[in-house]
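Work out the full structure: start from the sequences and follow the hints.
There are 2 protein chains.
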Amino acid sequence: MDVDFAQWYTDIVKKAELIDYSSVKGCVILRPYGYAIWENIQKILDGMFKETGHENVAMPIFIPESLLQKEKDHVEGFAPEVAWVTHGGDEKLAERFCVRPTSETLFCDHWAHIVQSYRDLPKLYNQWCSVVRWEKTTRPFLRSREFWWQEGHTLHETSEEAVEETLRMLDIYRKLCEEYLMIPVVCGQKTEKEKFSGAEDTYTIEAMMHDGRALQSGTSHYFGDGFAKAFNIQFSGRQNKLEYPFQTSWGMSTRIIGAIIMTHGDNNGLILPPAIAPYQVVIVPIMQKKEGVLDAANSLAAELKAAGIRVKVDDSDNSPGWKFAQWEMKGVPVRIEIGPRDIQNSKCVIARRDTGEKSDASLEGIADSVKAAFKEIENTMFENALANRTEKTYVCHDMDELKKAVSENIGFYKTMWCGDQECELKLKDELDISSRCMPFEQEHIADTCPVCGRMAKKSIIWGKAY
Amino acid sequence: MDVDFAQWYTDIVKKAELIDYSSVKGCVILRPYGYAIWENIQKILDGMFKETGHENVAMPIFIPESLLQKEKDHVEGFAPEVAWVTHGGDEKLAERFCVRPTSETLFCDHWAHIVQSYRDLPKLYNQWCSVVRWEKTTRPFLRSREFWWQEGHTLHETSEEAVEETLRMLDIYRKLCEEYLMIPVVCGQKTEKEKFSGAEDTYTIEAMMHDGRALQSGTSHYFGDGFAKAFNIQFSGRQNKLEYPFQTSWGMSTRIIGAIIMTHGDNNGLILPPAIAPYQVVIVPIMQKKEGVLDAANSLAAELKAAGIRVKVDDSDNSPGWKFAQWEMKGVPVRIEIGPRDIQNSKCVIARRDTGEKSDASLEGIADSVKAAFKEIENTMFENALANRTEKTYVCHDMDELKKAVSENIGFYKTMWCGDQECELKLKDELDISSRCMPFEQEHIADTCPVCGRMAKKSIIWGKAY
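First to last, the sequence lines map onto chains C and Y.
Straight run, no breaks: the first sequence in the working numbering ends on number 466.
Straight run, no breaks: the second sequence in the working numbering ends on number 1466.
There could be a bad hint or two in this list.
Only pairs whose alpha carbons sit at most 20 Å apart, straight line, appear in this in silico EDC-like list of lysine to aspartate or glutamate [unchecked claim]:
| no. | chain 1 | residue 1 | chain 2 | residue 2 |
| --- | --- | --- | --- | --- |
| 1 | C | Lys123 | C | Asp4 |
| 2 | Y | Lys1305 | C | Glu51 |
| 3 | Y | Lys1175 | Y | Glu1051 |
| 4 | Y | Lys1015 | C | Asp120 |
| 5 | Y | Lys1426 | Y | Glu1194 |
| 6 | Y | Lys1312 | C | Asp120 |
| 7 | Y | Lys1043 | C | Glu51 |
| 8 | C | Lys123 | Y | Glu1095 |
| 9 | C | Lys136 | Y | Glu1376 |
| 10 | Y | Lys1092 | C | Glu91 |
| 11 | C | Lys241 | C | Asp225 |
| 12 | Y | Lys1025 | C | Asp46 |
| 13 | Y | Lys1043 | C | Asp120 |
| 14 | Y | Lys1043 | C | Asp225 |
| 15 | C | Lys25 | Y | Glu1091 |
| 16 | C | Lys403 | C | Glu391 |
| 17 | C | Lys92 | Y | Glu1081 |
| 18 | C | Lys92 | Y | Glu1194 |
| 19 | Y | Lys1358 | Y | Glu1376 |
| 20 | C | Lys175 | C | Glu383 |
| 21 | C | Lys43 | Y | Glu1055 |
| 22 | C | Lys14 | Y | Glu1376 |
| 23 | C | Lys392 | C | Asp2 |
| 24 | C | Lys43 | Y | Glu1039 |
| 25 | C | Lys323 | C | Glu357 |
| 26 | Y | Lys1323 | C | Asp4 |
| 27 | C | Lys312 | Y | Glu1055 |
| 28 | Y | Lys1092 | C | Glu81 |
| 29 | C | Lys43 | Y | Glu1164 |
| 30 | C | Lys25 | Y | Glu1376 |
| 31 | C | Lys15 | C | Asp4 |
| 32 | C | Lys15 | Y | Asp1090 |
| 33 | Y | Lys1014 | C | Glu55 |
| 34 | Y | Lys1123 | C | Asp314 |
| 35 | Y | Lys1092 | C | Asp90 |
| 36 | Y | Lys1123 | C | Asp317 |
| 37 | Y | Lys1312 | C | Asp2 |
| 38 | Y | Lys1092 | Y | Glu1065 |
Rather than coming from a laboratory, the hints here were simulated on the basis of the structure.
Structure representation (structure tokens):
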């Protein structure tokens, strides 16, 4: 892992059976174990979306070229990387379609049909789907030609409401990362250069991976009324005048599974947060052929299951040692060992995946003990990730400090910034770092921009990104 | 509805806000109310799939042309109706891809990588996705260029196991239709002519719509080892010899929502089975501006929600009559009316969508009363659909009876059949009816085939299909 992080990552993804490569270059297969992680993430996010009043819909998979072209900045950003459908059966299409890379244009086209009055607002929509972007270089979960995601799209009467929604959804992403996936994130705003094609403002949550690189983990966009004007979406307002509505979109993708792997994993494999682990507990029977051992393992499993815990009994013919290694690779948070002597003593052994600690636990009240272990595991996982981020965050007051930090370590580089894109481009050119975000939690590091020496406007975080 | 069933159907689909047409010809948008029905169906089916040991995966959206061509019958069936991707960004692709019309070829390609030993079997996979078939004529839910579905794909050590799986999954579809959607279905086998491209046997559940037409509502296919041979999937068996595994696939799509509409709907709109209704109960407050009325409606809603019932309080400014009509159009199974006098008497009014019956119910134990109403509604819905099917099923002993039945009524025509495709084609030509299935529950109607007069082998059902 510390020798070749990239190779370690690819190995884990294959060995833990998360992904297989497909015959379509740059497209992957989510295998059952990988997909189950995604399903658990979906359940949590979908619940939070619905609690905040959002409804799911399904939009077409195709966008006619003319529709994609309606918003100038948007088409410029996406047209170079879409897949084009030119034929249906044997017939050449009159107009070619792209496979959606994102669906702003489809939502706008639909809203133009169905929104007439302020009474029809807000529209708070989301869809779960896959999208296609014809990337040149790909990596499992992090960048692939097809990926699975949710895309929220909302339409509001006022700009204030839309801005509020943009930030609300960003905070839901933060909550998912910090409270369920145990990944600390920095919330902030993207620069003009890094914002989404067609957006007025893009907000982001940025996570730091174990190797110090940054991973953009979720984004939320405020569009103002730009798309509404391009698509002629108008509604009759409270004063009975025609008005343009204000729009947002926000997305999180299977990329977040890459973040989980690279934040928490170790040399033995995956370490999964209990909230999204396909199996939260694996029970390994010891001397399983002895009478009563499998029965005890199964009734223990039934008890945990009844308490809402996702549990698997590994009663395969493999040796306990082999099973331990396999389930460690797959990152199951808690392993329970139970053998004849344990049964005699009404106890079992609980082993934590994150620390490797083993402890005896009474069979009585075992579900509570396991749940308590989950809590401790979650705390430790978050603390470790936070410690890594703290260690690899470099506050740089001037260009010399920044250059030194970048040459010595990969991490988050905090500086001030004048707000000028030239300084941003210069850092990209000279130090190969990109702006991650202007954090909501602003700091005063210095008075001036380290690049140009002019008055600074904001504190900003730079990094090397996946 | 009885004057122009097709127009009635299209009106309902739009007015109940299930679907909107999109700018992509032949592709539709599932609006929140339509998608919520699909989500509820998904939850039920997905639960039954998982209970029977199936795991979800996600396969690529694209199939390279060479992969689609590997199984001869399969490509012949699907190639004429696929959408072809020829360009990625500005580049012409070396090999074109189709957008998946179904994913047998992708699953086989993956299995060829990962299946080595009999220990790796069975593979019991499913995926939820959309697929694309370039249909010439389309109708909302029933036939569209993109539709949403699940496709199960399984691989087995023995032929017996695979056949058993094929029938098990068909029975899950039957169960969904009969026990949750209240749609009676005939289970049976498709003829050679009607089976899936590449399958050895196709099984089907066939429903009858209100107008007597048939709707194929779910299919399950047994492939033998044909695909395994074409894709060179081999495993080392229990005797340590290389063997070919046996395969199945099975699918159900958003088409089933069309079946719900056309089985249960009436002149006032949709009638939704409680199990999949987005709202199972709508509460309409009467004289809602009077003090205490909205509070009573909301606390009633909270009580129902706590009992696991999906409930909506309509506190909009519209009149009660307008609300009644709107929620009838949307097919909500139970409406509760509550006004000042009801509150005084600790009661409310329960109105059933299916029969229109209204009755008083005590506020005490209201959740149980509502659940009892659901049961009665379900029974009535199923009985009505069954009565319609019974009324429109015509047992025909000879060609004269068959011709008469077809000329007078649309429905299921039961006859004997010699098993020869020529007779099947003749009926298509002369009477414009197609074979629906050879039912598992075989009957002896006559000794001979009504078309050719030769010895009959099976009883069969013919119909006019959507």
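So, going through the hints one by one against the coordinates:
{"no.": "1", "hint": "C:Lys123 <-> C:Asp4", "result": "violated (47 Å)"}
{"no.": "2", "hint": "Y:Lys1305 <-> C:Glu51", "result": "holds (14 Å)"}
{"no.": "3", "hint": "Y:Lys1175 <-> Y:Glu1051", "result": "holds (14 Å)"}
{"no.": "4", "hint": "Y:Lys1015 <-> C:Asp120", "result": "holds (15 Å)"}
{"no.": "5", "hint": "Y:Lys1426 <-> Y:Glu1194", "result": "holds (15 Å)"}
{"no.": "6", "hint": "Y:Lys1312 <-> C:Asp120", "result": "holds (18 Å)"}
{"no.": "7", "hint": "Y:Lys1043 <-> C:Glu51", "result": "holds (18 Å)"}
{"no.": "8", "hint": "C:Lys123 <-> Y:Glu1095", "result": "violated (41 Å)"}
{"no.": "9", "hint": "C:Lys136 <-> Y:Glu1376", "result": "violated (59 Å)"}
{"no.": "10", "hint": "Y:Lys1092 <-> C:Glu91", "result": "holds (18 Å)"}
{"no.": "11", "hint": "C:Lys241 <-> C:Asp225", "result": "holds (16 Å)"}
{"no.": "12", "hint": "Y:Lys1025 <-> C:Asp46", "result": "violated (30 Å)"}
{"no.": "13", "hint": "Y:Lys1043 <-> C:Asp120", "result": "violated (29 Å)"}
{"no.": "14", "hint": "Y:Lys1043 <-> C:Asp225", "result": "violated (37 Å)"}
{"no.": "15", "hint": "C:Lys25 <-> Y:Glu1091", "result": "holds (14 Å)"}
{"no.": "16", "hint": "C:Lys403 <-> C:Glu391", "result": "holds (18 Å)"}
{"no.": "17", "hint": "C:Lys92 <-> Y:Glu1081", "result": "holds (12 Å)"}
{"no.": "18", "hint": "C:Lys92 <-> Y:Glu1194", "result": "violated (29 Å)"}
{"no.": "19", "hint": "Y:Lys1358 <-> Y:Glu1376", "result": "holds (13 Å)"}
{"no.": "20", "hint": "C:Lys175 <-> C:Glu383", "result": "holds (16 Å)"}
{"no.": "21", "hint": "C:Lys43 <-> Y:Glu1055", "result": "holds (16 Å)"}
{"no.": "22", "hint": "C:Lys14 <-> Y:Glu1376", "result": "violated (52 Å)"}
{"no.": "23", "hint": "C:Lys392 <-> C:Asp2", "result": "holds (15 Å)"}
{"no.": "24", "hint": "C:Lys43 <-> Y:Glu1039", "result": "holds (12 Å)"}
{"no.": "25", "hint": "C:Lys323 <-> C:Glu357", "result": "holds (17 Å)"}
{"no.": "26", "hint": "Y:Lys1323 <-> C:Asp4", "result": "violated (64 Å)"}
{"no.": "27", "hint": "C:Lys312 <-> Y:Glu1055", "result": "holds (14 Å)"}
{"no.": "28", "hint": "Y:Lys1092 <-> C:Glu81", "result": "holds (12 Å)"}
{"no.": "29", "hint": "C:Lys43 <-> Y:Glu1164", "result": "violated (32 Å)"}
{"no.": "30", "hint": "C:Lys25 <-> Y:Glu1376", "result": "violated (54 Å)"}
{"no.": "31", "hint": "C:Lys15 <-> C:Asp4", "result": "holds (16 Å)"}
{"no.": "32", "hint": "C:Lys15 <-> Y:Asp1090", "result": "violated (36 Å)"}
{"no.": "33", "hint": "Y:Lys1014 <-> C:Glu55", "result": "holds (18 Å)"}
{"no.": "34", "hint": "Y:Lys1123 <-> C:Asp314", "result": "holds (18 Å)"}
{"no.": "35", "hint": "Y:Lys1092 <-> C:Asp90", "result": "holds (18 Å)"}
{"no.": "36", "hint": "Y:Lys1123 <-> C:Asp317", "result": "holds (19 Å)"}
{"no.": "37", "hint": "Y:Lys1312 <-> C:Asp2", "result": "violated (55 Å)"}
{"no.": "38", "hint": "Y:Lys1092 <-> Y:Glu1065", "result": "holds (14 Å)"}
Comparing the model with each numbered hint stated earlier shows that hints 1, 8, 9, 12, 13, 14, 18, 22, 26, 29, 30, 32 and 37 do not hold.
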